[in-house]
Amino acid sequence: MNQETILDINDLRTSFLVDGFEVKAVDGVSFKLPKGKTIGIVGESGSGKSITAMSILQLLDKPGKIMGGEINFKGRDLTKLSEKEIRDIRGNEISMIFQEPMTSLNPVYTIGQQIRETLKVHQGLDKQRGTKKAIELLTLVGIPSPEQRVKQYPHELSGGMRQRVMIAMALACNPELLIADEPTTALDVTIQAQILELIKDLQSELGMSVIMITHDMGVVAETCDYVAVMYGGKVVEYQDVKSIFKSPKHPYTVGLLNSIPRHDTDVDELEPIKGNVPSPKDMPEGCRFAPRCPFATELCTQELPTLDTQADGGEVRCWIYTDRWDGDPEVNVRESKRTAESE
Amino acid sequence: MSQKELLKVNNLKQHFPIKGGFLGRTVNHVKAVDDVTFDIYEGETLSVVGESGCGKSTTGRAILRLDEPTDGSIEFDGVDLLALNKREMRKKRKDLQVIFQDPYASLNPRQTVAQILMEAMAIQKAVPKAKRRERAIELLETVGLNADQIDRYPHEFSGGQRQRIGIARALSVDPKLIICDEAVSALDVSVQAQVLNLLKKLQKEFNLTFLFIAHDLGVVRHISDRIIVMYLGKIVEIADKKSLFENPQHPYTKALLSSIPTPDPEVKKERIILKGDVPSPINPPQGCRFHTRCPFATDICRQEAPALRNLDNMKEGHRAACHHIEKIAAEQ
Chain A
160 MNQETILDIN DLRTSFLVDG FEVKAVDGVS FKLPKGKTIG IVGESGSGKS
210 ITAMSILQLL DKPGKIMGGE INFKGRDLTK LSEKEIRDIR GNEISMIFQE
260 PMTSLNPVYT IGQQIRETLK VHQGLDKQRG TKKAIELLTL VGIPSPEQRV
310 KQYPHELSGG MRQRVMIAMA LACNPELLIA DEPTTALDVT IQAQILELIK
360 DLQSELGMSV IMITHDMGVV AETCDYVAVM YGGKVVEYQD VKSIFKSPKH
410 PYTVGLLNSI PRHDTDVDEL EPIKGNVPSP KDMPEGCRFA PRCPFATELC
460 TQELPTLDTQ ADGGEVRCWI YTDRWDGDPE VNVRESKRTA ESE
Chain B
32 MSQKELLKVN NLKQHFPIKG GFLGRTVNHV KAVDDVTFDI YEGETLSVVG
82 ESGCGKSTTG RAILRLDEPT DGSIEFDGVD LLALNKREMR KKRKDLQVIF
132 QDPYASLNPR QTVAQILMEA MAIQKAVPKA KRRERAIELL ETVGLNADQI
182 DRYPHEFSGG QRQRIGIARA LSVDPKLIIC DEAVSALDVS VQAQVLNLLK
232 KLQKEFNLTF LFIAHDLGVV RHISDRIIVM YLGKIVEIAD KKSLFENPQH
282 PYTKALLSSI PTPDPEVKKE RIILKGDVPS PINPPQGCRF HTRCPFATDI
332 CRQEAPALRN LDNMKEGHRA ACHHIEKIAA EQ
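Chains A and B supply the protein sequences, listed in that same order. Numbered per this note's numbering, the first sequence spans residues 160 to 502. Numbered per this note's numbering, the second sequence spans residues 32 to 363.
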């Protein structure tokens with residue numbers, strides 16, 4: 160990648176200390192995000208995708224703690240900053256939008272007051288100029304009659320409108336990086352289409368970089384330039400968006416794609432991945448995916464593979480692509496042989 | 032497929048009163064389901080799709096009489112369900128089972144799996160007492176769980192496994208119709224695929240009829256034979272799966288289908304982005320309920336509610352409720 164990199168995460172480790180026991184939610188995550196691009200972080204519940212996002216802005220609730228690694232944002236390591244310094248970045252250079260717009264807005268303040276607060280803290284705007292800017296922002300995100308809306312409370316708005324308000328707040332200080340954590344999961348599909356379109360338009364207009372956290376491969380396909388697939392607290396595959404759908408390399412990515420019921424084609428039977436997502440308290444040794452992987456060998460269950468760059472530029476964490484692979488040398492992960500116990 | 036109607040829903044209305052004022056009088060109604068008519072054939076999967084507030088779950092609950100419908104008739108296997116008294120209805124629920132969305136909330140945390148399954152059998156007197164445990168073990172194996180997990184409590188299972196327990200409970204009384212209310216929505220996609228495959232397999236094995244309520248059109252395409260699209264308490268389109276996905280007629284169905292993100296970055300499709308939000312069902316728009324968001328709306332749409340109709344370019348049984356089907360089709 161010869162583009163300018165805005166965010167470079169290196170070996171990030173975040174753990175939760177529960178009853179003297181360390182639960183590794185994020186366990187050595189690394190990826191780079193080129194400026195102005197969108198990276199999708201995909202995974203199922205418990206894969207560590209949201210905790211990765213929370214770690215970037217250090218929004219972790221106790222007992223969560225960053226145990227190691229670097230988060231380089233424009234050449235500064237965010238993990239080394241003080242609480243005050245990170246507060247200057249939060250909502251200013253890096254903003255975040257969350258899944259549930261109702262719980263992320265304060266119910267006892269009006270929309271206008273909440274947007275003004277951000278503007279006051281980071282840009283020192285007074286009430287009058289703040290209100291003017293708030294109305295501008297609401298117009299930008301497509302909210303009708305913004306002059307009235309600034310005086311309303313969150314409960315007076317619909318779910319889609321609230322998510323637009325969240326986006327307006329996130330955009331208040333022209334952030335360079337927007338982290339969107341399942342921004343459309345709670346919304347209906349026609350509203351989801353509106354919001355995704357809005358994020359894409361604003362991105363090209365304002366030149367933002369975006370981290371899109373989602374479990375929906377459809378959302379990934381439509382909004383992202385690069386994709387990091389996470390499983391069990393680790394990135395298992397990183398590719399550009401076209402390659403990940405066309406030639407997925409990791410057996411988990413393949414399984415994930417084969418599990419999706421498609422609305423645009425008919426399939427006779429889905430090919431699920433057998434078993435369940437492992438609990439972070441009880442992570443398998445070796446490759447995290449080995450117990451559910453149809454290709455796993457003894458090596459996989461004993462030793463964890465590294466995330467290696469492939470000839471085509473993609474990265475994958477799987478023994479199949481190494482010299483030490485001890486299974487079938489002709490193995491093709493995209494071949495359908497992973498039909499799980501479907502009973 | 033045998034074309035015997037197992038369930039006939041006629042002019043079903045479900046209006047919930049809104050109480051207000053200091054006397055607690057009824058000030059208005061939420062018209063959650065407003066005049067809905069459809070049939071389910073034996074052995075098929077009929078899906079009801081739509082966005083939140085369209086009345087799909089309310090329809091399912093009304094059929095089971097978990098809420099008493101305001102008006103209309105529901106005929107199941109020749110029996111008018113609304114004419115039954117409470118005791119008769121409870122007996123009837125042996126044939127009409129339900130699987131809910133939330134596998135955490137729909138199982139009693141203080142009961143073991145064995146107790147959960149055996150209680151269902153006891154209430155419906157479906158299996159003699161001495162054979163209930165044996166039957167429970169059999170059911171667990173049918174849904175892909177281990178027999179030795181039978182004395183465990185729900186919290187010891189994952190979400191997907193709990194949903195399997197919910198399915199086993201529904202099966203325990205040998206039902207004819209199972210209403211699946213967002214039964215796979217809360218599951219991770221890899222586990223969701225397992226449960227969908229299981230439902231399909233069970234349907235074949237036990238000749239079950241499913242009323243599948245869902246918002247995920249991918250899931251719906253995978254599991255259904257026929258599909259109903261609802262909007263604000265009304266059916267806007269009903270068709271077999273192929274016709275609905277390949278030849279949608281109603282502008283809302285078209286917009287809905289085009290809104291779904293496709294998991295393939297190389298597919299570039301034209302997207303119809305609808306303006307605005309779904310209006311409130313307390314004061315639904317006059318005429319066609321979709322006219323406030325419809326790009327084709329004219330005066331007649333604002334005044335007159337369209338009926339479901341079938342046109343020459345549509346397959347038999349495919350019906351849509353729109354004044355302008357011909358005009359829209361001609362424009363394309």
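Calculated from the structure, these hints are not laboratory results. Just to be clear, a hint being listed does not mean it is correct.
Taking lysine-lysine and the DSSO-like style, the derived pairs with C-alpha atoms no more than 27 angstroms apart in a straight line are [unchecked claim]:
hint	chain 1	residue 1	chain 2	residue 2
1	B	LYS306	A	LYS292
2	B	LYS232	B	LYS299
3	B	LYS300	B	LYS232
4	A	LYS405	B	LYS299
5	A	LYS433	B	LYS232
Results for each hint:
1. With a C-alpha separation of about 24 angstroms, the suggested pair LYS306/B and LYS292/A falls inside the 27 angstroms cut-off, and the hint holds.
2. Taken as a hint, the LYS232/B and LYS299/B pair is broken in the structure, with Cα atoms around 35 angstroms apart against an allowance of 27 angstroms.
3. With a C-alpha separation of about 34 angstroms, the suggested pairing of LYS300/B with LYS232/B is violated against the 27 angstroms cut-off.
4. Between LYS405/A and LYS299/B the alpha-carbon distance is near 15 angstroms, which keeps this suggested pair within the 27 angstroms criterion.
5. At most 27 angstroms may separate the alpha-carbon atoms for a hinted pair to count; LYS433/A and LYS232/B meet this at roughly 16 angstroms.
The structure shown violates the earlier hints numbered 2, 3.
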